[in-house]
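> The lines below spell out each chain.
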Amino acid sequence: AVVSTQSTGTSVASGCDLFVRFITLSRGQNAPSSEIDILECKGFDPVRKFLVDRGNLFMKRLKDSRRKIAQLAYPFISDGVTVLTVNMSRVVLEILMKAHEKAKKFKVLVTESEEGPLMVKKLNDQGIQATLILDASIGFVMERVSFVLVGAVGVVENGGLINKLGTYPVAVMARSLNKPFYVAVESFKFYRNYPLSQLDLPNDAKYENAEDTKHPEVDFTPPKYINKLFTDLGVLTPSAVSDELIKLYI
Amino acid sequence: MARDIVVGSNARCAALICAVKTFISDYKCPKTKEIRSHLNIALKPCFTYLSQCRMMCVSMENFIKHIKLQITKSSPDLTESEAREELLEACEDFFKENIYLAGKSITEKAVNRIVNGDTILIFKKSQLILHILLEAKAQNKEFKVVVVDSRPDLSGVSSCERLTAAGIPCSYVYINSSTYIMKKVTKVMLAADALLANGYVLGPVGTAMMGLIANTYNKPVIVCCETYKFCERVQTDSILYNELADPDSMLKTLNAEESPVAGWRESPNTRLVNLVYDTTPPALVSIVITEIAELPCSSAPVVLRRGAVKM
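Chains E and Y, in that order, give the protein sequences.
Under the working numbering, residues 25 to 274 are what the first sequence spells out, in order.
Under the working numbering, residues 2 to 312 are what the second sequence spells out, in order.
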């Protein structure tokens, strides 16, 4: 039910999937009293408590993941860089705030997209120099950009990226001018799907309501345009994403 | 196999499994020896003979490794007939799990990738790819197939025959016109003889060309490969390790005239090279469908690692 309510369908779907696996597929080794083996409990109450505890641990790790990603990613921002980002992303915001905290001097360009102005406002509030640019002007600015850093709605099995509409053109542009393209994403957004083209994404990932199928919400960026992914599991290459997914699911 | 009667990595492996089963059934262990040490020694000259007739392919090599391990692992407490039964069962299980059931699982996954209105390009003849296409047709999907064929064996002709018999609209082209036809194709489906540890795909010669042209026209390349064909070898080109087939088969011309190089053996400057395999880099492959999962090509080593851990 949760999956059908929100607009960022894939991240909720993948998060729920992982949550269920996390709380059910363990045998209580992490439980405080290690004598309890979950499968040998009589009665449901200890099992329920165990599931709830695992659930709380999962939530805690989720909340921590943004902080961990910021910790890993901020060294990539050195003095004097210009960062291009697409739309509003809380993970990217966290990374930029961390870099600012460490007294790095850098500029940010944010594409307008849907929530660009909100991102610019939040950055300016923190004292980071941020400029709003039109989506159409990415070609114009790309030569002055040092690297591109975007967030993600989902990451698919081959390391490809699902993000707000307008990310794919930025990635292609970055590749053609040899600018690094980085993605900051929490590991719960790793989505079990393997699209080979834009239309391969499931409909509920693309569109907000089933009736209005004219303008998709998201687009798919193939892995060859992505240089690195900053995740709470470490800094990964797109081919490592499938490694991680195999470890998690198979 | 040397005379090209049994062709194709799955068929050759299946034939080898049958042959080994017959050998094990007829095998009588000498009184002084144990089955698990002697059977391997007895099998060795057989395998040497087979590899002299025609070089073993990766699927056959992996089966031989598996059966040798099963033989050495067999318990010394079993009687001869019990050990024999166990080994026969091991052969059967290998076939069932790795060829038959794996094929079914791959077919299921691959058929989901075929949508109505697709034009699928296949290269020559592959038992697995044909199975996938026939299954898709059985599920009433509407699609067309382009069969790309090349000399000397022209096995694409029999592919075409099987597909048209099932009612699938088929086009047939030679490999020379593959750049022309690639524009009209929506997907490319290729079979692999092996997947190497660095992600390179070993397939019948011409496969790499299909991958390259498909990439130029931005068409997805789907490689279907069972996991038992994953091997630990690493090569980045097709010359390092390959097989040479009969050079005289290249002399067959299409219009029954004598080939201009018919006298190649006498001429010191002419050599005919009939390569069997070529390697396709992982960057050219969009997806590899195995029975375990759908993977990007660069993840092949992960499967090998997991296979090693399981054993």
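By construction, these hints were calculated from the structure, which means they are not laboratory data.
Since this is a predicted model, take the numbers as computed values, not measurements.
We put the CB at the ideal spot given by N, CA and C, even for glycine.
Mixed in with the good hints there might be a few duds.
Said to hold, decoys possible - Simulated restraints, written as ranges between beta carbons of each label pair:
no. : chain 1 : residue 1 : chain 2 : residue 2 : range
1   : E       : 202       : Y       : 236       : 43 to 53 Å
2   : Y       : 236       : E       : 157       : 15 to 25 Å
3   : Y       : 155       : E       : 139       : 50 to 60 Å
4   : Y       : 159       : E       : 139       : 25 to 35 Å
5   : Y       : 172       : E       : 159       : 37 to 47 Å
6   : E       : 103       : Y       : 242       : 25 to 35 Å
7   : Y       : 175       : E       : 104       : 52 to 62 Å
8   : Y       : 74        : E       : 258       : 37 to 47 Å
9   : Y       : 166       : E       : 139       : 52 to 62 Å
10  : Y       : 244       : E       : 80        : 31 to 41 Å
11  : Y       : 235       : E       : 202       : 25 to 35 Å
> Sort out which numbered hints this structure fails and list those numbers smallest first.
1, 2, 4, 6, 10
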